[in-house]
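> Turn these sequences into a full structure, and let the hints guide you.
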Amino acid sequence: MKKINTILCMAIASLLLACSDDVKTPASTENKVEVSILKWGPQGTKAGKGFAIQANGNSALWFEQRGVHSAESAQVWFDNTQLTGMAITPNVGGSAEIPPALIAKPGKYPVYLILKPQNQRVELGTFEVLP
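Using mature numbering (1 follows the signal peptide of the UniProt record, and there is no 0), the letters of the sequence shown correspond one by one to residues -18 to -1, 1 to 113.
Just so you know, these hints were derived from the structure itself, not from any lab. It should be emphasised that the depicted structure is a prediction, and the values quoted were computed from it without experimental measurement. Glycine included, C-beta positions come from ideal geometry on N, C-alpha and C. Hints are not guaranteed to be accurate.
Claimed, not checked - Okay, derived cross-link-like pairs now, DSSO-like style, lysine-lysine, Cα gap no bigger than 30 Å in a straight line:
{"#": "1", "residue 1": "K28", "residue 2": "K90"}
{"#": "2", "residue 1": "K14", "residue 2": "K98"}
{"#": "3", "residue 1": "K31", "residue 2": "K21"}
{"#": "4", "residue 1": "K21", "residue 2": "K90"}
{"#": "5", "residue 1": "K87", "residue 2": "K21"}
{"#": "6", "residue 1": "K21", "residue 2": "K98"}
{"#": "7", "residue 1": "K14", "residue 2": "K90"}
{"#": "8", "residue 1": "K87", "residue 2": "K28"}
{"#": "9", "residue 1": "K87", "residue 2": "K31"}
{"#": "10", "residue 1": "K90", "residue 2": "K31"}
Unchecked claim - If you anchor each label on the Cβ, the simulated ranges turn out as follows:
{"#": "11", "residue 1": "A83", "residue 2": "N13", "range": "30 to 38 Å"}
{"#": "12", "residue 1": "K31", "residue 2": "P92", "range": "18 to 26 Å"}
{"#": "13", "residue 1": "K98", "residue 2": "V74", "range": "13 to 21 Å"}
{"#": "14", "residue 1": "L20", "residue 2": "P92", "range": "15 to 23 Å"}
{"#": "15", "residue 1": "L20", "residue 2": "G67", "range": "21 to 29 Å"}
As structure tokens, this is what we get:
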């Protein structure tokens, strides 16, 4: 009887979990977009030293890509920060602004795109801030 109760509880828990809206499922391969990053840069700087300085004081990085067909569906990220000042030309390339605070400390930081709605991550590479 104890085994039946255990099996019944596990079955109910599985059903509830499968029907839950909170369950995160990975993007299906049919929703995955083929994206190629051809080049990007710059790939590093010294701590506190800006590059390609914009009028607002932010630095700018650029990238060439093939496969992003909608600028609205792409986000540019630097480590754990979404970059808000960006421009993307579908199937060509783009640029994004990096605030000074993000390059103030030495370290290696991933730079990547997040494609919506499937939340697909596309790596540009690693940006290195030297001491």
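> With reference to the structure, classify each hint as holding or not holding.
Hints, one by one, checked against the model:
Between K28 and K90, the direct Cα distance comes to roughly 12 Å. Compliance with the 30 Å bound is thereby established for this hinted pair. Restraint check for K14 and K98: the C-alpha separation of about 10 Å stays at or below 30 Å, so the hint holds. Taking the CA atoms of K31 and K21, the gap is about 22 Å. The hint holds against a cut of 30 Å. Proximity of K21 to K90 is assessed by CA-CA distance (about 18 Å); at most 30 Å being required, the pair is judged to hold.
For the proposed pair K87 and K21, the alpha carbon gap of about 25 Å is at most 30 Å, so the pair holds. Between K21 and K98, the direct Cα distance comes to roughly 22 Å. Compliance with the 30 Å bound is thereby established for this hinted pair. Taking the CA atoms of K14 and K90, the gap is near 27 Å; set against the 30 Å cutoff, the hint holds. Proposed proximity of K87 and K28 is supported: the alpha carbons are some 9 Å apart, at most 30 Å.
Annotation: proposed proximity of K87 to K31 holds, straight-line Cα distance about 10 Å (limit 30 Å). Distance check on the hinted pair: K90 and K31 sit about 15 Å apart at the alpha-carbon level, within 30 Å; holds. A C-beta distance of roughly 34 Å is found between A83 and N13, which places it inside the suggested range of 30 to 38 Å. The hint said 18 to 26 Å for the Cβ distance between K31 and P92, and at roughly 20 Å that hint holds.
A C-beta distance of roughly 19 Å is found between K98 and V74, which places it inside the suggested range of 13 to 21 Å. Our hint of 15 to 23 Å for L20 and P92 holds, since their Cβ atoms are close to 18 Å apart. Separated by about 22 Å at the C-beta atoms, L20 and G67 satisfy the suggested range of 21 to 29 Å.
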